[in-house]
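This is what each chain is made of:
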Amino acid sequence: MRKSSRNWIRSLLRRWPTLGAVAFLSALLLALPATAAHAQSAKDRELLLKAAFIYNFAKFVEWSPAAFATADAPLTICVQGGEQFAAISRAMSGKTVGNRPVSVVNRPRSPTPAACHIAFIGPDEDESSYVALLKAPHTLTVGDRNRFARTGGMVGLVIVDNKIRFEVNLRMARAAGLHIQAALLRLATEVIE
Amino acid sequence: MTPPPASIRDRKPRRARRASPSVLSPLVLAAVIAAAPGSSRAEAPADVDFTKLSLEELMDVEVTSVSKRRQRVADAAAAIFVITQEDIRRSGATSVPELLRMAPGVEVARIDANKWAVSIRGFNGRFSGKLLVLIDGRSVYSPLFSGVFWDAQDVMLEDVERIEVIRGPGATVWGANAVNGVINIITKSARDTQGVLLSGGAGTQERGFGTARIGGRISDKLHYRGYVKSFAVGDSPVASGDRGADATQQVRTGFRIDADPTARDFFTLSGDLYRQDYGSTAVTQPLTTPPFSTTFDDHGTASGGNVLGRWTRRFSETSSASLQGYYDRFEKSEQGLGATVDIADVDFQHELEPFARNRVVWGLGYRYTRTSVDDSAFVRFNPNHRIDNVFSAFVQDEIELMKDELRFTIGSKFEHNDTTGLEIQPSARVLWSPTPTQSVWAAVSRAVRVPSAGEEGAELTVDVIPPAPPFVPFPTEVAFFGNPDSRAEELLAFEVGYRAQPIEKLSFDVTAFYNEYDKTRATATEAPFFAPTPVPRIVVPIRSVPTENTETWGVEAAADWEVLPWWRLKAAYTFLNFDVPAPAPEHGMSPKHQASLRSMMDLGDGWEFDLWPRYVDNLPGASIDSYVDLDVRLGWRPTDALEFSLVGQNLLDSRRKEGLSEMLPVAATQAERAVYGKITLRF
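Chains as they are written, first to last, in the numbering used here: chain C, 1 to 193; chain S, 1 to 683.
Next comes chain C alone, as it looks inside the complex:
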């Protein structure tokens, strides 16, 4: 059996975990209040990514002319709540779809479904706050709740192996008078009829 000659590294490391643990935990405790604001940057990035998906959905969905008051009326995206609304607003600021500007509106708790062309429903929301939107005409419902496209939604965002994918419920979309172009359906992981 051989003896190692690296005693100096070993004796330093014998103490390292103790002082290392102290250092990390102290840093964590001290840094925690300061990081609370920044702690969501990874989650924030995910929301910005999902907003980009919504932007692309808008480009591949056709609304009937009755859905818009005038030829250049804005495309309205209704989002409920703080961080979702903030992220999607930031992502869409200044963007247009076709000739229409995109307007992001903070959806109240008891929404009037009229005038939402796209409604984004987040995972934290109560069913009561969005159930009316699921059947509203001309409203494309997009959400990242579990099994969204199978429980009344039209486009469900899912994360599969760290990448965003989406499922489309064609039946619900048709019922709302929306036409989804084949180019979008081809990229969906599942199309439910």
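Because the hints were derived from the structure by calculation, they are not lab data. A few of these clues could be false.
To be verified - Partial list, derived from the structure: chain S residues whose beta carbon lies under 10 Å from chain C:
1. 49
2. 50
3. 53
4. 54
5. 56
6. 59
7. 84
8. 161
9. 504
10. 507
11. 681
We put the CB at the ideal spot given by N, CA and C, even for glycine.
With chain C held as given, fit chain S onto it using these hints.
Chain S only, in chain C's frame:
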């Protein structure tokens, strides 16, 4: 009389005064705080404008926050636990056995720096044999001793898409020897590993490791990657505190090419080559001549390569078929024993929906295995060369009795092998999902394990007792003899499970099982006889014999909770009631309780802090105490291209015993507190 002075080694050396912890700690503290998130940056970094990307490009972007993921396994009628690439990256683990500690139902015991005992639901040991391990569809189960040589098996962890741990008999689809479970290691497609990845690091136990991978595309339909990976692990302590001889190094290289020339066809070709040098500590070899025993440190080598090809064709939405072939060569030399195994395997599988709500999968397979063994002084194989042919067929029907609510699956695998003839392994499963967020499943299955070349024909000198004249003028050799009439071990397994996601951010699943084994391999001592050649001696034979019914049962649970948007907890708990009567060789190597908790925190600005405490109950048959231990990882990803990590492993004990070797007598070494740092570049 005063007791003899304690040896100098036992006394703690007096340390000279140097920067004491009380001085060092605030310095480290200051350094960490200065670099810590939130303290120096005034505003958030500029937003990335994802709206400039096309939909296809958006679908390629990786999301790495800890927020909750939808589980694809929610619809499976089996006990499945998935280890994702994020789990791998944030665990700090550098090998597959270390990763498996986070799965419920899996027992992992480190024997030394290159030998592991891994099993599912009992019977743990270096050659545990009831676990099938697949890497991209290629079986790495060795027919030599019916187990997995974990030391030789290694994958580039950064390119693993996921590891599926399926507890319970996987027989119906995957084949014989998947008695207690299947571990399915799936690597990313070549399309998902484009660009260059360089990673490297070093530490106290990890002397140095590095990986380089290049991925590219020849066209939109042809992608490839190639990698080279190498690592060196230092020796570990033995019980006395001295260093063992288990240092290890391995070099590995491989490639993968994926092509999808049409919308319906997909081809993949991959291959690897590797070589490993490793040591074993204090191998004790009994001799039939004086001094009757010798102890030495052994140097072993393992090398090999494989090539795998698969063609998948989609006929329609509901129908597809695939044809796969692979060749694997494995050479090993340890303690004077040399072995070469060549495997050629062809598999065909077809999925279709012949009637409404019936999804049928069926397949055919053939495997050719050639084993060649060079005897050592105390392990002899009879015969030294053997060829095994296995023909298999399977069929499975998944019937949707009530749409999205009730599903019944029935199937069976039929296998004919040269040793035990025809084996039939049926399985029936039912899955009931009363609500979208809950499901209950139950299964009954039969599985078999075919005896290995070692069990059938190995002759192992276990011990030699020196002669004691005048009563016993000859040495006595205790030898294990394989049994050429070995039968297959049989298992009848009953399982039930429940899965739920009561709120969006919390999901959990519980599984309970009851296993009834028959003809489990055990050893029995037979009448001694006198052998005149080559050295006159008395031989006490121990033979491998089947035991009667053995039962085990247990419960496994796992939970996944997004506590806060930046903090996620994943827990696993295992309970196993394993009362296998001695003298079964695997008696007592399985712990009664195990628990694992992983905490992953995204601290902002790319900082990640991950903790992994775990508990393993004592192993009574191996005199190994229970332990609680902790791994910690601090990671920093300032950009998508750069990642630093600092990992501490086994932090709570300076060293401890974890596993024992079996059959080939090697001294186990201890798991030691260790630290390593790693840098990863992706571009």
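>> Could you work out which of the previously given hints the structure breaks and list their numbers from low to high?
In response: Violated hint: only 11; rest satisfied.
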